[in-house]
Amino acid sequence: MYGILKIAYKLLVNDKGKFVALLVGITFAVFLMVMMTSMFAGILTRSSSTILNVGAKVWVMDPAVTTPASSIPMPDYVVDAVRSIKGVKYAVPLYSGGALVKLRSGAYQAVTVIGLDDPSLFGRPELVAGQIKDIYAENAFIVVEDAEFQKLENPKLGTTFEINDHQGVVVGLAKVVSAGLFGIPTLYTTYNRAITYIPSTRFTASYILVEPKSQQDIPYIQRQVQVLGYEALTKDEFIQKISDFYKYKTGLGINVLVMTVISFIVGLSISGQTFYTFILENLEKFGAIKAIGAKGRQLVYMILFQALFTALIGYGLGIGLAALLITIARSRMPDYAAMITFSNIWLAFIMVLVIAGISSYIGIRKVIRIEPFDIFRG
Amino acid sequence: MANLAIKANALVKWFGEGEAKTYAVREASFEAFFGEILYIVGPSGSGKTTLLSMISGILRPNAGTVEVEGRDIWRLSDNEIADFRLNKIGFVFQDYHLFPRLTTVENVAIPLILKRMDWNKALDVAMHFLDIVGLKERAQLPPVKLSGGEQQRVAIARAMASNPDILIFDEPTASLDGDTGKRIVDFVKKNILNEKRCIVIVTHDNRIFEYADRIMNMEDGKITAVVTANDGS
Ligand SMILES: Nc1ncnc2c1ncn2[C@@H]1O[C@H](COP(=O)(O)OP(=O)(O)O)[C@@H](O)[C@H]1O
Ligand SMILES: [Mg+2]
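Line order of the protein sequences matches chains A and B.
Each residue of the first sequence is one higher than the last, beginning at 1 in my numbering.
Each residue of the second sequence is one higher than the last, beginning at 1001 in my numbering.
Bear in mind the hints are in silico, worked out from the structure with no lab data behind them.
Mixed in with the good hints, there may be bad ones.
What the hints assert, rightly or not - Cut-off 30 Å, straight-line C-alpha distance, at most; resulting in silico cross-link-like pairs (DSSO-like, lysine-lysine):
no.: 1; chain 1: A; residue 1: Lys285; chain 2: A; residue 2: Lys249
no.: 2; chain 1: A; residue 1: Lys6; chain 2: B; residue 2: Lys1145
no.: 3; chain 1: A; residue 1: Lys285; chain 2: B; residue 2: Lys1121
no.: 4; chain 1: A; residue 1: Lys295; chain 2: B; residue 2: Lys1007
no.: 5; chain 1: B; residue 1: Lys1115; chain 2: B; residue 2: Lys1007
no.: 6; chain 1: A; residue 1: Lys285; chain 2: B; residue 2: Lys1182
no.: 7; chain 1: B; residue 1: Lys1088; chain 2: A; residue 2: Lys285
To be verified - Label-pair restraints from in silico Cβ distances:
no.: 8; chain 1: B; residue 1: Pro1043; chain 2: A; residue 2: Tyr361; range: 58 to 64 Å
no.: 9; chain 1: A; residue 1: Ile350; chain 2: B; residue 2: Phe1033; range: 56 to 62 Å
no.: 10; chain 1: A; residue 1: Ala323; chain 2: B; residue 2: Ser1077; range: 46 to 52 Å
no.: 11; chain 1: B; residue 1: Ile1132; chain 2: A; residue 2: Asn14; range: 24 to 30 Å
no.: 12; chain 1: B; residue 1: Asp1131; chain 2: A; residue 2: Leu325; range: 49 to 55 Å
no.: 13; chain 1: B; residue 1: Gly1018; chain 2: A; residue 2: Ile368; range: 34 to 40 Å
no.: 14; chain 1: A; residue 1: Tyr361; chain 2: B; residue 2: Glu1017; range: 46 to 52 Å
no.: 15; chain 1: B; residue 1: Ser1077; chain 2: A; residue 2: Tyr361; range: 20 to 26 Å
no.: 16; chain 1: A; residue 1: Gly296; chain 2: B; residue 2: Asn1120; range: 22 to 28 Å
no.: 17; chain 1: A; residue 1: Asp374; chain 2: B; residue 2: Asp1179; range: 31 to 37 Å
no.: 18; chain 1: A; residue 1: Gly316; chain 2: B; residue 2: Phe1033; range: 57 to 63 Å
no.: 19; chain 1: A; residue 1: Ile368; chain 2: B; residue 2: Asn1120; range: 27 to 33 Å
Unchecked claim - Here are a few chain A residues that face chain B, going by a calculated C-beta distance under 7 Å:
no.: 20; residue: Lys6
no.: 21; residue: Leu11
no.: 22; residue: Asp15
no.: 23; residue: Lys16
no.: 24; residue: Gly17
no.: 25; residue: Ala21
no.: 26; residue: Gly293
no.: 27; residue: Arg369
Remember, it's a predicted structure, so these values are computed and weren't measured experimentally.
Backbone N, C-alpha and C fix where the C-beta goes; we use that ideal spot for every residue, glycine too.
Using the sequences plus the hints, can you model the full thing?
Listed below in structure tokens is the structure:
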């Protein structure tokens, strides 16, 4: 068994031109698939960054909300109404909105401001510098230290700035689970400061964050919120809603799907064709091995091995290339969103196996049917 | 008489159907014995390669039987036939059919590897047979780097590697110059033939007739004459 595979390996690898062509086909296909799906995964994750970072179990919002960036303010009474629903342990408002910061250099920078409920500070980030209680100090803001941090000219504790003509001072630096999609820095402050500093409508709560008494209470809460004319979504449902928006409403999903299918087809046709040519060119050799006494089964193993070996090497190269490119891009572009997820890698792996399977099936059919006699009749 | 190695009985092979149906071999019967070199001679297209293929388990006849060492080979299953070819037959193809992407010694080792011999052991044994045909120092080269006569000897070493009882050569000297061809057949007679081996050679080459024990004539798919050589060997 091992010996014939070694022969198969040598027949394959020593045919350098063909082998390289096969690898290029598969590497290319894997690379494209991984790049497309990674970019997609990156965008989806980032688009849900607020939800991941705040970490509330249930989010109440206007039903028309499609992405966290497009929050629609709700009147304050809704907070009280939600609080009175049976099964709600507590409910707090969250402010999320845009503002303009004037930096010390005089430059302006757009930011996202998240206002945390004053008494509970529910959804607070993890600090890497400063203390959370300082958020109650005058004009206090906490800056998220992510890829966008430098756009605020790398502030330190005590750095001051102007935000919508109010004074602001940095009292803490935070780290977050996920960076946002829109490439602007994030500031945290208290809910009340957010709504006073940032001009807003008479409705102010962007979201209401709900902590249910237990997991079983969630369906009831959701129904009651619906009665109020609003929508309550669990964290996962909200993430799903956002991802559905990007997938189905923006065309992003369809495009990625189409590109992934195309790269699969391109990879399949390049590799399938090359492998078929490889088999055809070696048909005489397979015929000779058959004449010498190889069993059909042994020939099948040889071809499967050749297809699988090429597929796996090409897969490794493709993943490696994509990872390399993404790493380089990240170091050059702080906002570069692509991220290789476990499911991307699996998807590419399965596609590569399908490519190998189809290619070897074609090859095996050909080789099993050869009559050694036809080949060496001379 | 010595022991019977091959008994071919009324072998028939045709190709094509209907209008295109042509008979390559028509009711050919003959016997070959251990310890002899049997020649099959005849014009091109007379059915020699077809006949060789049927007796060596490569091509299934349309009618007739082939018994090798008393076994009716065409009643075996596909896997058994493959094993028969691997263990009993050493076939030296007309165009050698060596693998250009393997080294010479790896080429010779193929039958051993098909027999699941350990890779290194197979290379050792192959080396021994390369030594017999005088090509030990060429072992690591690809066959394309060798001359025609050397490639022929590699093909012989490969056919011998699995130690088969029956060796079959299809026009072994066709693409060699006269002297080389003669030396190869001389070598086969002196070093490979023994009481337990049967060698069948197809050839047109009358310069090597002197090495035959019996010469069988074929014409138009039929065996027309069998002559016993009288050189006393
Ligand atoms: N696969 C085939 N299809 C059709 N005709 C064939 C095939 N193989 C052999 N033949 C025919 O059978 C005859 C005998 O061929 P072959 O055994 O190769 O003769 P030889 O080896 O004596 O030159 C020839 O007429 C050849 O054309
Ligand atoms: Mg012939």
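Taking the earlier hints as the rules, which of them does this structure contradict?
1, 8, 13, 14, 23, 24, 25, 27
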